[in-house]
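> What follows is the residue order along each chain.
2 protein chains.
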Amino acid sequence: MAKQKLIKGNAVIGQSGGPTAVINQSLVGVVEALRDIAPVKKILGMRHGVSGLTTGDVVNLGKVKADKLKVIAGTPSAALGSSRDKPDAEYCARILEQCRTLDIRYFFYIGGNDSSDTCRIVSELADQSAYDMRCFHVPKTVDNDLMGSDHTPGFPSAARFVATAFMGDNLDNASLPGIKINVVMGRHAGFLTAASALARRNENDGPHLIYLPEVPFETDRFIADVQAVYDRLGRCQIAVSEGVQDARGRAITTTLVESLDRDAHGNVQLSGTGALGDALSNLVKAKVKTASGKTPRVRADTFGYLQRCWPDASPVDAKEARGAGKFAVRCAARGDRSGSIAITRVSDKPYKSSFKRIELTDVAAKTRHMPPEFIEGHSDVTAAFIKYCRPLVGDLPEMATL
Amino acid sequence: MAKQKLIKGNAVIGQSGGPTAVINQSLVGVVEALRDIAPVKKILGMRHGVSGLTTGDVVNLGKVKADKLKVIAGTPSAALGSSRDKPDAEYCARILEQCRTLDIRYFFYIGGNDSSDTCRIVSELADQSAYDMRCFHVPKTVDNDLMGSDHTPGFPSAARFVATAFMGDNLDNASLPGIKINVVMGRHAGFLTAASALARRNENDGPHLIYLPEVPFETDRFIADVQAVYDRLGRCQIAVSEGVQDARGRAITTTLVESLDRDAHGNVQLSGTGALGDALSNLVKAKVKTASGKTPRVRADTFGYLQRCWPDASPVDAKEARGAGKFAVRCAARGDRSGSIAITRVSDKPYKSSFKRIELTDVAAKTRHMPPEFIEGHSDVTAAFIKYCRPLVGDLPEMATL
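Going down the list, the sequences are from chains A and B.
Letter 12 of the first sequence, counting from 1, is numbered 12 in the numbering used here, and no numbers are missing.
Letter 26 of the second sequence, counting from 1, is numbered 26 in the numbering used here, and no numbers are missing.
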């Protein structure tokens, strides 16, 4: 796209989709960087994303003091409020209209692939009507399912939570042996569920089985897997993605559970319910047996929203999320008209990454999945995945066994 | 009880019941202190509590190196393995028999009120047969439901997890407003659910409603409560104890949920299932309405086992759990024949506590509940509870909102 000189006007920033532990790092990164750009007059924040923008519910971020910004950056969840709206062309036209009204010339939207699509439509509408406005998407998602990046801000912190949770829970399961099912977030991509493998330290540590949305889930095979581990170890810790599906692409939640709930996008509700865990738990209770033919102790936990709002961000994630926000402003300032920010891994040891601008069309409304080289058989991840994920999550707790 | 001079022989230590983040601190406290007691020869550990002891599954703890013990102390869950066995007199006779066989003269059992009852029976049987053995119970429970103590080791760390979780989740709920139900552990006592109140920093912070097992749960009143908060704030974050019950003492889980599971003690399974959260969620979806008469966004999380195995112990808890183990050995060494260890609060600012020996009969098989002065109305806790709980959990994360 053609580079253009900077125009005087206001900037607006919004946050969208499921919050993360570091989405406010990106917000603060954008705000801090914008303060250094002379043509930018007001720095406005959308309350609850584009839904607040279109109704004029914006706040002035220009005057928030640096020490407060610092604490906000370290606070999980979306400080501006978030939104689940998925704007169509008509909605985006209203967004653009409001941008004109507010003299917005710099538009930053922090979110997942739906949010990058909003940026794309708004940017195209602005181009078509020759309204000079920079449109940038700053990536965020615990699912790690955005295209074009080594990984996405938000994922490392959620992966840190999942790995830590599996470490503690593995010892809990070892001390009171039984079958433990932990359901992990991730509607289409298994990265977060796969991160449970980072919990392993010693032989026989859990998770012993890992089920990803990328691998068709077969109920009979699942039962056989669990029985085999239970026979061998007298216990079994299992990581299951909330998005596991059968070979025909039907969510196991829908095939095992009758009562369903769909969100505004028509998606089946996977988070905020223990339904999948309980259904799998009932299945295991019915089919898996102890050596003496009894029903084993079976428990299921659904990690739920704590995965995305736990206030202990990965240091790498906090730094990169802040940096992605700053880099988006730098792209706008150097004259790029629109884009999304991608993370490139420069080296593993020591871990080092850099940012680059990619086109909005490279990321918008697309979904990235676990590549085959990260998947081992039908119930595990590879050493390549561990190598990929390990540097992202930071130091994990030290633990020892007798 | 009469004080007696120390006899030469071996010591054994076991861990029982649901593990905690600091139960290994108590284990290490006992081991460290025993190493200084000259008449104590071997220091043995029961694998999986009295179940391992009776089958001869014991390990030698005398030779575990100090640096390894240090890491084990900071590791959550029961390093020796735990047990859900609730021994009767016949079982306790077998325990005593095994103690004779192994020349055990010092018996330490770390656990809740069931474990203190095991200590009591074993101690009485030893007395009756004139077998000289010190029997000590070292308290542990995330439920904080042991009699005779200001609070119980294990509770402060679980309370720290719950308060931290509610802080993050409150912001998640504020950024994507809706009704959020969080189910917290605590079969009979509401202390852990009440600890959610520590998450409040600013006006309108959640939890907005807190339901304890000590206050009869009325479905209609619950719906009215939620509707009122939702009408006022456009959102509602709710803390519900897994043990909430109706005025007739029936668990709400049993009245709302059909499919049940009972453990070896005949207790209904409350943890390791999302059933209560999902049932309450369905109830709210059916009854609570938005201003425009629609069904609000409703989600439920059941915090589950992470509450007791999350590897970020409260510093006060870690110190006290270690100290309780050491104090039990000190009691045995000074000639006390049996007992349990209680924590007394010496001062609030600065927080200071001390230990005392109490009789096993003071704590055995009894349950402590939230006292009336900690309960505010039917859906909140008092300032007195906050004052009680606040010093126990350690520093909570700093968070800020715009």
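The reader is advised that the hints may include incorrect statements.
It does not matter which identical chain is meant; a pair holds if it fits inside one copy or across any two.
Claimed, not checked - The calculated BS3-like cross-link candidates involving lysine-lysine, where the alpha carbons are at most 27 Å apart (straight line), are: (1) K41 with K287; (2) K68 with K289; (3) K387 with K366; (4) K319 with K287; (5) K356 with K319; (6) K86 with K294; (7) K287 with K356; (8) K366 with K68.
No lab work stands behind these hints, which were simulated from the structure alone.
Because the structure is a prediction, the values reported are computed rather than measured.
> Run every hint past the structure and note whether it holds.
Hint-by-hint comparison with the structure:
1. In the homo-oligomer, the alpha carbons of K41 and K287 never lie at most 27 Å apart, since the shortest distance is 65 Å inside one protomer and 48 Å across protomers.
2. For a Cα distance limit of 27 Å, the shortest separation of K68 from K289 qualifies neither inside one copy, at 56 Å, nor across copies, at 36 Å.
3. Proximity of K387 to K366 under the C-alpha cut-off of 27 Å is restricted to the intra-copy arrangement: shortest distance 25 Å within a copy versus 51 Å between copies.
4. Within a single copy, K319 and K287 get their C-alpha atoms no closer than 47 Å, and across copies no closer than 44 Å, so neither meets the 27 Å cut-off.
5. In this assembly of identical chains, K356 and K319 lie within 27 Å of each other by CA distance solely inside one copy; the values are 15 Å within and 48 Å between copies.
6. Taking the closest pair of Cα atoms, K86 and K294 come within 27 Å of each other only across two copies (20 Å); inside a single copy the shortest separation is 50 Å, beyond that limit.
7. In the homo-oligomer, the alpha carbons of K287 and K356 never lie at most 27 Å apart, since the shortest distance is 51 Å inside one protomer and 49 Å across protomers.
8. Taking identical chains as interchangeable, the C-alpha atoms of K366 and K68 are never at most 27 Å apart, the minima being 35 Å within one chain and 49 Å between chains.
In summary, the numbered hints that this structure violates are 1, 2, 4, 7, 8.
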